[in-house]
Structures are given as structure tokens and as C-alpha cells.
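Turn these sequences into a full structure, and let the hints guide you.
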Amino acid sequence: MSTIISASLEQNINAFSLLFNDCADIKKRRMKLGKELKTECFIAYVEVAVGNMILENSVLGKLLNTLWEMPEDQIFVYLRENAFGISDVTEYETMEEAAIGMLTGDAIFFIDGYDRALKIKDKGYPNMGVKEPQSEKSTRGSNEGFAESIKVNTALIRKRLRTPKVKVRESFAGRRSHTNVDLVYMEDLVRPDLLAAIEQRLEDFEIDGVLDSGIVEQLAEGSWLSPFPQFQTTQRPDRAAMAILEGRIVLLTDNSPVALILPTGYNSFIQTADDYYTRWEIASFTRILRYIASFLAMTLPGLYLAVSNFHTQILPTDLLLSFAAARQGVPFPAVVEILIMELAFELLREAGVRIPGALGNTIGIVGGLIIGQAAVDANIVSPIVVIIVALTALCSFTIPNEEFATAFRILKFLFILLCAYLGFFGFLLSLLAVLIHLSHLESFGIPYLMPFVGPDLNHYDDERDTFLRLPLSWMKRRPIYTMENARVRLRIKKREGKKNVL
Amino acid sequence: MFSNNGQISIRQIRRLLIFDLFGVSSLLLPGMLAGTAGTDGIFCIGAGALLALAYLGLLGRVLKQMKGSLSQYLKEVLGGFLRDVVMLFFLFFFLLLGAFVLYQLTGLVRSWLLPEGSYSLISVLILLLAAYGTIRGLEGRARIYEILFWFLLAPLLLMLLFALRGANPDYWTPVAVSGGSFLAGSLTVFVFFLPVFLVLFLKPHCNKPEKLLKCAGWAVGVAAVLNAVIYLALLGNFQVKTTVALERPVITLMSMVKLPGGFFERMDALMTAIWFFSMFALMNTGVFYSGHILKELFHEKKTHYGLLAVLALEFIGARCFFTYQRAEGLYRSFLAYVAGPVLVALPLVLWIVGRIRKAGSGEYMAESGKRATESREPMTEYEKAAACDIDGKGAE
Chain A
1 MSTIISASLE QNINAFSLLF NDCADIKKRR MKLGKELKTE CFIAYVEVAV
51 GNMILENSVL GKLLNTLWEM PEDQIFVYLR ENAFGISDVT EYETMEEAAI
101 GMLTGDAIFF IDGYDRALKI KDKGYPNMGV KEPQSEKSTR GSNEGFAESI
151 KVNTALIRKR LRTPKVKVRE SFAGRRSHTN VDLVYMEDLV RPDLLAAIEQ
201 RLEDFEIDGV LDSGIVEQLA EGSWLSPFPQ FQTTQRPDRA AMAILEGRIV
251 LLTDNSPVAL ILPTGYNSFI QTADDYYTRW EIASFTRILR YIASFLAMTL
301 PGLYLAVSNF HTQILPTDLL LSFAAARQGV PFPAVVEILI MELAFELLRE
351 AGVRIPGALG NTIGIVGGLI IGQAAVDANI VSPIVVIIVA LTALCSFTIP
401 NEEFATAFRI LKFLFILLCA YLGFFGFLLS LLAVLIHLSH LESFGIPYLM
451 PFVGPDLNHY DDERDTFLRL PLSWMKRRPI YTMENARVRL RIKKREGKKN
501 VL
Chain B
1 MFSNNGQISI RQIRRLLIFD LFGVSSLLLP GMLAGTAGTD GIFCIGAGAL
51 LALAYLGLLG RVLKQMKGSL SQYLKEVLGG FLRDVVMLFF LFFFLLLGAF
101 VLYQLTGLVR SWLLPEGSYS LISVLILLLA AYGTIRGLEG RARIYEILFW
151 FLLAPLLLML LFALRGANPD YWTPVAVSGG SFLAGSLTVF VFFLPVFLVL
201 FLKPHCNKPE KLLKCAGWAV GVAAVLNAVI YLALLGNFQV KTTVALERPV
251 ITLMSMVKLP GGFFERMDAL MTAIWFFSMF ALMNTGVFYS GHILKELFHE
301 KKTHYGLLAV LALEFIGARC FFTYQRAEGL YRSFLAYVAG PVLVALPLVL
351 WIVGRIRKAG SGEYMAESGK RATESREPMT EYEKAAACDI DGKGAE
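Protein sequences appear in the order of chains A and B.
So the first sequence is numbered by the working numbering: it starts at 1 and just counts up by one.
So the second sequence is numbered by the working numbering: it starts at 1 and just counts up by one.
A portion of the hints provided could be inaccurate.
Cross-link-like lysine to aspartate or glutamate pairs, in silico, EDC-like; alpha carbons within 20 Å at most [unchecked claim]:
{"no.": "1", "chain 1": "B", "residue 1": "K208", "chain 2": "A", "residue 2": "D456"}
{"no.": "2", "chain 1": "B", "residue 1": "K214", "chain 2": "A", "residue 2": "D456"}
{"no.": "3", "chain 1": "A", "residue 1": "K159", "chain 2": "A", "residue 2": "E246"}
{"no.": "4", "chain 1": "B", "residue 1": "K258", "chain 2": "A", "residue 2": "E246"}
{"no.": "5", "chain 1": "B", "residue 1": "K211", "chain 2": "A", "residue 2": "E246"}
What the hints contain is simulated information worked out from the structure, not anything from laboratory work.
All of these numbers come straight from a predicted model, not from anything done at the bench.
Structure, rendered in C-alpha cells:
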């Protein structure tokens, strides 16, 4: 039940104070306005979020200064007619709306005789500001990363796509956190059914608090049992802008520097922002490397077990002998060796993430070099296993998206167990199981393996941005995510009869 | 959403059919053909393929009369009771097909990948995987083989190329004097290509039904060419007698091929993967359609009891093939004397009765016209670029 804001300031103060009883961080101030200081008003704000009230430069300060110098009878007229001329002032009719408005980090302003509350924008909550993304480094392109404030993040996208066709649909998630969730998209490129689907998914759950985009991601996913993410994550505004240009939707969550992109698929996870900034040859080469890496990150330890335990005839005799020599003195079966090393590596990775700053990197070096060497010297594992596990780790780091790489890290253990027990047959079984799973998996109606599967079903036959990133001048059409009548993204203008200037 | 429409594309059907036709045929046909027709076997493959194409022509006439699913068409032409009888025959056929391929697949795994593996464990694991693939429908199955196509075909073609390089052409001759039965050989090949009748089941799911026959024709052609190349490579390397004697000669051949500059000593385990995936396609077809028919016959909607029953029957069937030596011979007799003739006669009967009853005449034409409009070819790149500006305005 909402409490309507009344014209009586006393009633409003009582109701507001009741709402924020025992909230020491909420500052409440009574003041008198007008030339003769006869009009009472009330300001409330979250401490730290709102700056010094009397600062000349703040919107609130300017408004108060104006009201102080104004005759009492003109105050209401001024507020009615001019308040909204002052930048970012929002009017509320209920006490609850006013409270939520204040909790977004702005000041709320009541005045005696006026049955509305005004939210006046101020500096908002403190946040980390724009910084370089930690998990998506690129060799070329912008170094800007998303901040924690949703407003900063939408601005970072708007800065790159300066068109009114970029729309930002605002909603709130979390009954108690009232977290701002924005859907950013290009109006004439996005598929309306996609937009409706994500809006529906956001409405489908009710949770007490949304503290990061990861919570929205997990609740809005179609197949939550799958290890593969169905939203793409990014910390890079340029990547998000690129996705919007492809007709995809970017979902921003307040207090989270990680944006969600939908729909997505295997191919999108393998792409990086600088694939499009560098020449096509090297972009294609690294793209192929990443595809191979994603396969090996999941299969290499299992393949090693299958070959070394079951199908030794595949390998040349010299290599086989060298494997055997390397394993001499190791008391464990190969599968235990692999599991020990994999678990040790996972521990190192986890420790590296949790330990602060430079010490995290040191852990990697200490773990990788010293513990690895010591384990080999102590005959706990053989050198070939260290090589296999290290190669697998390298492959998993090559996958550009952390969430996507995690799926391969988990599935690696399925391969290890089945290959250890069933050899190459186990490998084929696991591979087919993963393939069946991926072929069924969809992200908002788009098959996960698109555009490798079913492109012609959707009148889409462009596969120029998959294993290879062909020259930009050949990539004239937007990907399948785009609305069907808006696929052209590049047209090379031909100048007939004119020679190049240079 | 726009892809989740229960439809599969012509490319997906073509690739799925190629694997359905290629898997078991390439594994079993060379030995059987060498025994039946000797060096003339290569002509039998050609003749068998031609018979399959002629059979497709007959199926095409039925397809023209069909306006919905096969079951609806059967009901329209033959009535409810005979529809159920025919569907029960198909159920029996698919169950036996699935069980036989499962038996072969398990045998392949035990021969080349896991010699000491438990027969039951291997077949149960394969069946579970087939169930997982079946449970989510036709689209997923089609996507698997669409994506696997070149990953399987490219190494196979490469290996065949090297196998042919080592073949002795003298072993391909003499022809037409070996005394083998050309007719029996051709009919054997035709029986292996009989799964093309699947087009009858695939039509309602195909996004361009008017291209279905051509696509099936392509699949027969590709499977025939691959079988012919494999046959030539086998005869050229092993001659007729050894080809007959070997259980799965094509895999033995692959294990002997040396890739120049190659790292691997033997390729048999790796090449077995090709047949594993190919045969899994056909076995999955058996499981999928058995389950599908059971669902239709018993009006099962949300549960998967039908599929569970199919899995149990497939397992028992495969186990029978494994346990009883005579079972394989009986199955071959069933194919030659029951399934083959029925599968050929059925479309003929359906076509004639359909013509008499004018099945689907008016409505079919109307519907096919509608479908043709729906599945109209998209504009070319040039047409679209000309009609659409860079902001996406204008008709595309």
C-alpha cells in the first residue's frame, strides 16, 4: 500500500522518518526558504552519496539558493514551472517512490504546501570509475572498461554509438535491492521477439537482491543445467557497442562492471574485440588457434590417457618409449597423476585469484615452477603429465571469455574419467555427448552452434566470421542476430570513371 | 524464436542421409559384395545406386500426394486400421534396424577400441547417448551431423586417397568373368540404400519439401561414390579373397595407410571414430523413429515411456544378435525377403491407391503452393544491397 505525499510537510516528514527509522546514514535536514524564511522544507539524502548542499555548483545548491532569495508566494509557481528545467529533477507522488528515488543516491526534497517530492540529482554513490578491463585485454583498441555505475556504463556505450536509435530500457530487479537493470539495443536492428523474450525473462523471477549481473544471468538463462553460458559477458564498452551494432541486446546491471550480451553462441565466445581492429590474416589465425584451444582445453588430458593406456599403437615407438621412461618410478596410475596435477592447478588458479595484487602472480610462478618441478623430482608425477596439464591450462587461458572457458574446465574432468575407464571409446562418447548437448542448446532461440548449423533455415548463409575472420570489405552483412530486413552493414562506394587521388 | 520451429534444412537432411546410408554400408558391403560378385562388385554398386534412385522416383510420386505426416497420409489412403498395420511394420523395421546397428557398433568398439570391454556396458552407454540425442527431437540430430560432416568426411577422403595410391589396379580385373552374381550384388547394395525411404518421414519437417527428392538423390550418389572408392581401394590392396575374409575390411585398410610425414604410427583408432559417428547416426535413426511411431500409436505426449521401451527392446535385440549366431542371417533374410519387398511395394500401392482416391489432390496443390511461397528463395546479396540502405531502411 503506497503512502500518498500530502501537502502537509509535517505529515510527510513523519511518514518519511518512519520509513527510515534507525537509518543513521540517511541525513534529514529541515530548512526555511523564501526571503522572509517562512516556507518550510525538508531535504533527505544518503550521506556520502550527496555532496555539500550549499555548494554553488551542485544542482541542489543552485535550486536552494534560488528559493532562498525568492518571495514566498512565488516559490510554488517557480517549482511547478521551473523545477524540471533544472537538470535531472524527478517528481514523485508517493512516499515509497520518493524513498527509492533517494536510495539511488540522490537528494529528495519536500516543501510545505506542495504535494509532491522532488528528486534532485547529485553526485550519486561512490564507485570505482572507468578503468581498464582486467579480464579482456586487447592488443589494439580502447582500454576503457565498464565502471560499476550503470549510468557511467550506458554513457560509455552512448559515447561510441551516437545515434538516437540506441535505446535504453530501464527496469528494476530485486525486491529489496531495487537494482537498476538496463537493456541497451539498437531500435532498428534488434529483433522484437528477442526484446520481448528478455523482458519476459526479467519479469519471470522475483528475488530479494541483485548484487551483480551474474545473478540476473543465472536467473534469466534458459538451460541452467548446462555448463555453457547462454549470455556473453564483457567488461569492454567497445565489445558491447559492437554487439549492439549486430542487433544484439546488452544488459547492464547497476554496481556491476560486467555487461551481459544476448543472444550468443559458441562462435561469439571465440571472437574478441581486437579481431576486428587488426588485419584479417592475423585475426583469422588467432581465431583458429582459439577454436583449437577450446577443443584441447576440454580433451587433451583425456586424449593422453586414452592413447597412453589403451591405444599405444597410435604413437611412434620412440615417443612411446620416452613416455614409459618418463613414468618410471611414479607410483600412481596415469589417471591419478593427471587428476593430482589438474587439481593442483585448479588450486593454484583459485589461490591466484583470491590472493591480493602482485602476490597472486607470484603464487602462479611459485606453483607452476617450484611445485611442478618438486612433484616431478619426488616422482609424484611424470614430466609428460606436467606438460599435458600446462598445455591444457594454456589452452583454457586462450579462450577469451572466462565463463565459457569454465565450461571446458568442468567438462575436462568428464573426459578424463571416461577416457581413463574406456579409452578412445570414452573419448568418443564424451565428445558425442558434448556435441549433442551443444546442438540442442540455444541462447534466446538461436542455436548455440549457429552459424555452423541451420543457417539456411533462417535465410542466412554468411559464414564469413567463424573459423576465419575474412577481410572487413567482404563482411557486408550483419550476423544472424539482426532483424531480417536490416542485415546490410557495409557498402563499398564505387566511383565509376574516377581514379584514386593517390 | 525464429530457429526453433521443428524444421530442418535441406543441407541438414542431405548430410544426415549421407551418414545413414554410408555408415553400415561401407563397413559391411565390401565383404558381402566381394563374396557375391567379386571384381564385378563395383558395377553392382552402380546398379544398386541406380535402383535406389529409381526407388526414390517412386517415393517422389508418393511425396507429391502427401500433404501432412506419413501417418496422416496413410490414414487418408489406407484407412485407420491399415495405417496402424503399416506403422507397426515400420516400428518393427526400425527396432530391428536400431538393434542390428547397435550390435555392429558395439562389435566395432570391441574390435578396435576396447577389446576387453563388456558388451552390455558398451551397448548401454551407446543407447543412453542415443536416448539423450533423441529426447530433444529431430533438430538436434540434424545439427550434430551438419556440423560433423566435414570433420568426418575430410579425413576419410584423405585416407581413401592414400589408400588408392597404394592400390594395385590389376586386382580390379578381370571383370564380367568372375562368375559372381551381378543381380544378387546389386540387390544387396539396394537393400543397404533402402533407408532413403526416410524421406517419407522427413517431409513434414523439411523447410523446402520440393527439394527433398533431389537432396536424397545426392545422398545416394555420395554414399555410392564413397562405397565405390572404398571397394576399389579394398580390392586394390587386399584382392577379393582377403576382402571377403576380413570382418571389417575397410577399418583394416585404414589401419595400414601411412600418411606421408605423418606423426601417427597407426590410424585405426582414429579412423574408427568416423564409422562410430556414422553408424551412430543410423542407430539413432532407428531409436528416434521407433520412439516416434510408438508415441504416435499410443498417443503419448509428454512422457518418454515409449522411448524407454524402445531402448530396452534395442538392447535385447542387439544382445540376441550377439548371442545367437543365426540371428544375423535371419535379419539379412528378413531384409531380403520381407522388408525389402514390402518397402518397395508399399509406396507403389500407396501411389496407386492414392491416385484412385485422389489423395491430397486439391489441398496438396494449395498447400504446396503456400509452402513454396513460404520457403521462397531469399534475395541474392546484390538484390538485398540494392533494396536496403545501411540503416536497414527499405525492403530487403
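Hints, one by one, checked against the model:
1. In summary, the hint linking B/K208 to A/D456 is supported, as the alpha carbons are separated by about 10 Å, within the 20 Å threshold.
2. At most 20 Å may separate the alpha-carbon atoms for a hinted pair to count; B/K214 and A/D456 meet this at roughly 17 Å.
3. A C-alpha spacing of about 17 Å is found between A/K159 and A/E246, which places the hinted pair at or below 20 Å, so the restraint holds.
4. Under the criterion of a C-alpha separation no larger than 20 Å, the hint pairing B/K258 with A/E246 is inconsistent with the structure, at around 47 Å.
5. At roughly 32 Å between alpha-carbon atoms, B/K211 and A/E246 are farther apart than 20 Å, so this suggested pair is violated.
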